[in-house]
Amino acid sequence: MTSFWTGKRVRLRGIEPEDWTEFMRFAVEEERLGDLLRPPRSAESFRTWAKEQAVAKSDGDNFRLAIEAVDTGDIVGAVGSHHADPRAGWFEYGITMGAAHRRKGFAAEAVVVLLRFMFEERRYHRCQARIFAHNEASLALHRRLGFVEEGRLRDHVFFAGRHHDLVMMGMLADEFAQLHSVSER
Numbered sequence: 005m006t007s008f009w010t011g012k013r014v015r016l017r018g019i020e021p022e023d024w025t026e027f028m029r030f031a032v033e034e035e036r037l038g039d040l041l042r043p044p045r046s047a048e049s050f051r052t053w054a055k056e057q058a059v060a061k062s063d064g065d066n067f068r069l070a071i072e073a074v075d076t077g078d079i080v081g082a083v084g085s086h087h088a089d090p091r092a093g094w095f096e097y098g099i100t101m102g103a104a105h106r107r108k109g110f111a112a113e114a115v116v117v118l119l120r121f122m123f124e125e126r127r128y129h130r131c132q133a134r135i136f137a138h139n140e141a142s143l144a145l146h147r148r149l150g151f152v153e154e155g156r157l158r159d160h161v162f163f164a165g166r167h168h169d170l171v172m173m174g175m176l177a178d179e180f181a182q183l184h185s186v187s188e189r
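Heads up: the sequence shown is residues 5 to 189, going by this note's numbering.
Some hints here could point you the wrong way.
What the hints assert, rightly or not - Calculated pairs, EDC-like style, for lysine to aspartate or glutamate (alpha carbon to alpha carbon, straight line, at most 16 Å):
1) Lys55 - Glu22
2) Lys108 - Asp75
3) Lys108 - Glu153
4) Lys12 - Asp78
5) Lys12 - Glu113
6) Lys61 - Glu20
7) Lys12 - Asp65
8) Lys55 - Glu20
These are computed hints drawn from the structure, not numbers from a lab.
Build the full structure now, drawing on both the sequences and the hints.
Below, the structure written as structure tokens:
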């Protein structure tokens, strides 16, 4: 049996210190795409962050993982769970993909692996994702995966000189089970 964390195309794994260059590249690419603008960070800050991630103790069900392409071993993105509330049974998740690896199926498979863990192993009931309204590719991905648009926060975020809407999408555990059967592993 292969690892639970390995799909056909991706493997989710912990962040290693040497991954810092990929995360620095992802940050630059996100800025170019019109995501939140942040002050420039030094290479050393990315090195330090990756070292900290590599040795960080688990924070319950809040974690970040590297997405590695099975065939090449390259880091193609990152995915993680945050704001997990085990008592209420919900969590949020986020994903970022390197520009050269978008629209190739890596993100979809990584999300399914993460959701399978959170729904089937950790017994969460609900997942939500926050997506910038102008990010049509991400909205389409989430719809294909079975997420439902649950609301729109108008002019909720400010970047690139103006306010933007934030789309709230969600999926329930039973919806996931119907769409992503165990036979997909």
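*Hinted pair Lys12 and Glu113, Cα distance within 16 Å*: holds, 8 Å
*Taken at face value, is the distance from the CA of Glu20 to the CA of Lys55 at most 16 Å?*
holds, 7 Å
*Would you check the hint for Lys12 and Asp78, treating anything up to 16 Å between C-alpha atoms as holding?*
holds, 15 Å
*asked:* Check whether the Cα positions of Lys55 and Glu22 lie no farther apart than 16 Å.
replied: Answer holds: Lys55 to Glu22 is near 8 Å, not above 16 Å.
*Would the pair Lys12 and Asp65 pass a check requiring their Cα atoms to be no farther apart than 16 Å?*
violated, 24 Å
_Pair hint Lys108 and Asp75, alpha-carbon separation not exceeding 16 Å_ = Distance of about 13 Å is within 16 Å: holds.
*Quick one, are Lys61 and Glu20 close enough, alpha carbons at most 16 Å?*
Answer holds: Lys61 to Glu20 is near 14 Å, not above 16 Å.
_Satisfaction of hint between Glu153 and Lys108, Cα-Cα up to 16 Å_ = Judged against 16 Å, a Cα distance of about 23 Å means the pair is violated.
In this structure, the hints that do not hold are numbers 3 and 7, in rising order.
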